[in-house]
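S.K.: Sequence:
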Amino acid sequence: MHESFRLKSESVSRCSCLGTMGYFCCDCNNLDLFYFDYLMYFKYHFSLFLANQYLDPIELYYGENIPKSVHRRQDCVPIVYVAGSHYEVGYMVGQTFGKVIRDFLDAYEPLKKYLDIYETSKDGKRVYSECLEVTNKYFPQYLIELKGMATGADVPFHKLFLIHMDDILISNVQDTSDDLSTRCSTLMVNIPCKGQFIGHNEDALNVTINHFYIVSAHIMPKGEEGGGIFPAGSLSGYASGYNFHGLVFTINRIFAKKLINNKIPRVFLMRALLASKANINEIQDILTNYGAGTADAFHVNAGFLDGSRCSRIFYSIEVTPSETEPKSKVIVEPIHTESTSFYTNKLQFSDCEELKESGRDRSVARENAFKKLLQQNPIISLTDILNVLGSTRGGEWQIFRDRQNDFVNTINLGVFDFNEKTWTIWTNNPLTNPPIIRLSLKFTTFISPTRNQGYENQPYVQRILSSFSDIYKNGLDKFKNIFTRD
Numbered sequence: 001m002h003e004s005f006r007l008k009s010e011s012v013s014r015c016s017c018l019g020t021m022g023y024f025c026c027d028c029n030n031l032d033l034f035y036f037d038y039l040m041y042f043k044y045h046f047s048l049f050l051a052n053q054y055l056d057p058i059e060l061y062y063g064e065n066i067p068k069s070v071h072r073r074q075d076c077v078p079i080v081y082v083a084g085s086h087y088e089v090g091y092m093v094g095q096t097f098g099k100v101i102r103d104f105l106d107a108y109e110p111l112k113k114y115l116d117i118y119e120t121s122k123d124g125k126r127v128y129s130e131c132l133e134v135t136n137k138y139f140p141q142y143l144i145e146l147k148g149m150a151t152g153a154d155v156p157f158h159k160l161f162l163i164h165m166d167d168i169l170i171s172n173v174q175d176t177s178d179d180l181s182t183r184c185s186t187l188m189v190n191i192p193c194k195g196q197f198i199g200h201n202e203d204a205l206n207v208t209i210n211h212f213y214i215v216s217a218h219i220m221p222k223g224e225e226g227g228g229i230f231p232a233g234s235l236s237g238y239a240s241g242y243n244f245h246g247l248v249f250t251i252n253r254i255f256a257k258k259l260i261n262n263k264i265p266r267v268f269l270m271r272a273l274l275a276s277k278a279n280i281n282e283i284q285d286i287l288t289n290y291g292a293g294t295a296d297a298f299h300v301n302a303g304f305l306d307g308s309r310c311s312r313i314f315y316s317i318e319v320t321p322s323e324t325e326p327k328s329k330v331i332v333e334p335i336h337t338e339s340t341s342f343y344t345n346k347l348q349f350s351d352c353e354e355l356k357e358s359g360r361d362r363s364v365a366r367e368n369a370f371k372k373l374l375q376q377n378p379i380i381s382l383t384d385i386l387n388v389l390g391s392t393r394g395g396e397w398q399i400f401r402d403r404q405n406d407f408v409n410t411i412n413l414g415v416f417d418f419n420e421k422t423w424t425i426w427t428n429n430p431l432t433n434p435p436i437i438r439l440s441l442k443f444t445t446f447i448s449p450t451r452n453q454g455y456e457n458q459p460y461v462q463r464i465l466s467s468f469s470d471i472y473k474n475g476l477d478k479f480k481n482i483f484t485r486d
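Residue numbers (UniProt numbering): 1 to 486.
It should be emphasised that the hints constitute simulated quantities derived from the structure, not laboratory data. There may be inaccurate statements among the hints.
As the list claims (entries may be wrong) - Derived pair list, reagent style DSS-like, types lysine-lysine, alpha-carbon separation capped at 30 Å:
{"id": "1", "residue 1": "137", "residue 2": "329"}
{"id": "2", "residue 1": "99", "residue 2": "125"}
{"id": "3", "residue 1": "327", "residue 2": "147"}
{"id": "4", "residue 1": "194", "residue 2": "122"}
{"id": "5", "residue 1": "112", "residue 2": "159"}
{"id": "6", "residue 1": "371", "residue 2": "194"}
Construct the complete structure from the given sequences, taking the supplied hints into account.
M.R.: This is the structure we're talking about:
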């Protein structure tokens with residue numbers, strides 16, 4: 001702070017470095033003089049009195065009070081670009097976002113239920129151990145990644161794994177389940193001559209607002225996986241993602257009535273999608289997970305960036321647990337050209353029994369709101385998509401939820417544009433706010449995966465680039481030169 005201020009007798013200087021009027025700064029000697037009126041003189045001396053009695057001096061010098069809190073929704077989407085082994089990627093994500101992860105764990109109410117069951121019930125420990133064992137059998141690399149995140153964030157591993165289990169403990173120990181944690185809406189538009197989009201509202205508990213980030217990761221040595229946006233403490237792929245092979249997907253949770261223990265928590269199957277080729281058969285094999293299968297139900301909305309727009313097909317995929325077979329039940333429905341599809345949190349093709357509670361009612365209400373909007377106007381452009389996903393019609397159960405007292409809110413909205421190959425993200429309602437960021441889906445725009453080279457030979461800039469969302473302004477080559485000069 002500037003300490004050397006003095007009031008001039010007949011005029012007062014204005015210093016641009018202070019951004020306030022009425023003071024002369026002896027440090028920069030900015031003598032932009034202007035007429036001094038006596039009201040300013042009175043305000044100055046009265047301000048000194050208040051500063052001595054009540055106010056923080058920093059508030060006095062800047063002429064306005066520093067806000068005591070920020071907006072509930074911050075215009076901020078943290079991004080980390082990282083490469084390394086599964087453990088290294090997890091560790092660096094945990095280290096980078098450690099405070100966000102710890103704050104989220106402290107505020108996340110369902111975790112308190114999970115911990116109570118885990119710590120006080122033998123059945124709880126048994127179900128936890130069975131899930132951990134089967135996950136380690138099929139996806140040990142992702143458990144290693146999660147352990148790295150826990151270490152980097154300085155949080156217990158079992159807390160992160162419990163979050164990934166969701167309601168599996170409650171369903172198998174207390175024979176009940178909650179349907180309050182997630183509400184998502186996805187709109188797929190496949191009109192080649194107009195636009196091809198997948199738009200997604202990520203709805204979650206209020207505490208998740210401002211507790212999410214984007215990770216772009218290359219798992220060495222292949223370096224061909226990807227990244228996405230997800231809540232703090234979760235593996236990549238939880239909500240939306242895309243990868244080097246051109247696979248783009250979003251996830252909607254389904255509220256199955258019975259979650260099956262001794263099977264794979266759904267988040268690990270979502271994470272596995274980031275390693276998939278852009279091939280529907282490979283995606284179906286990953287989701288089927290022969291030998292175990294999913295413990296919970298979910299829906300995948302998928303599309304491929306490569307290929308002709310005239311022949312592009314989107315896919316609507318329902319994945320549900322099987323009580324009789326060691327695999328998931330997977331139903332794939334193509335969304336052909338000249339088609340539009342809207343998906344919420346209830347099943348459309350499968351016969352898995354769902355919770356008949358408020359989650360289903362909310363899904364029906366959002367689907368009805370979509371049908372009314374579709375009757376009014378065809379949905380063919382980005383503007384049309386935002387009119388749907390930003391809609392606050394429907395009273396309590398609207399598509400975009402932003403009421404502070406609601407248990408669940410829309411925490412972010414993203415639109416994948418397959419023709420422009422971009423991913424545009426909003427943290428506020430898109431009908432009244434601009435997007436916060438637009439990312440290129442040309443994966444090499446960020447970090448080019450390197451092949452047939454040892455990881456130890458990679459330059460530092462390709463190992464970790466943190467939070468440079470202005471990469472488009474400066475150009476990646478210019479940015480790399482900062483780190484690769486001799």
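S.K.: All hints are to be evaluated individually against the structure, with a verdict given for each.
M.R.: Now the hints, each set against the structure:
With a C-alpha separation of about 20 Å, the suggested pair residue 137 and residue 329 falls inside the 30 Å cut-off, and the hint holds. The hinted pair formed by residue 99 and residue 125 meets the criterion: a straight-line CA distance of about 28 Å does not exceed 30 Å. Taken as a hint, the residue 327 and residue 147 pair is honoured in the structure, with Cα atoms around 26 Å apart against an allowance of 30 Å. Taking the CA atoms of residue 194 and residue 122, the gap is about 57 Å. The hint is violated against a cut of 30 Å.
The hinted pair formed by residue 112 and residue 159 meets the criterion: a straight-line CA distance of about 10 Å does not exceed 30 Å. Our distance criterion of 30 Å between C-alpha atoms is met by residue 371 and residue 194, whose separation comes to about 20 Å.
In the structure shown, a violation is registered for the earlier hint numbered 4 alone.
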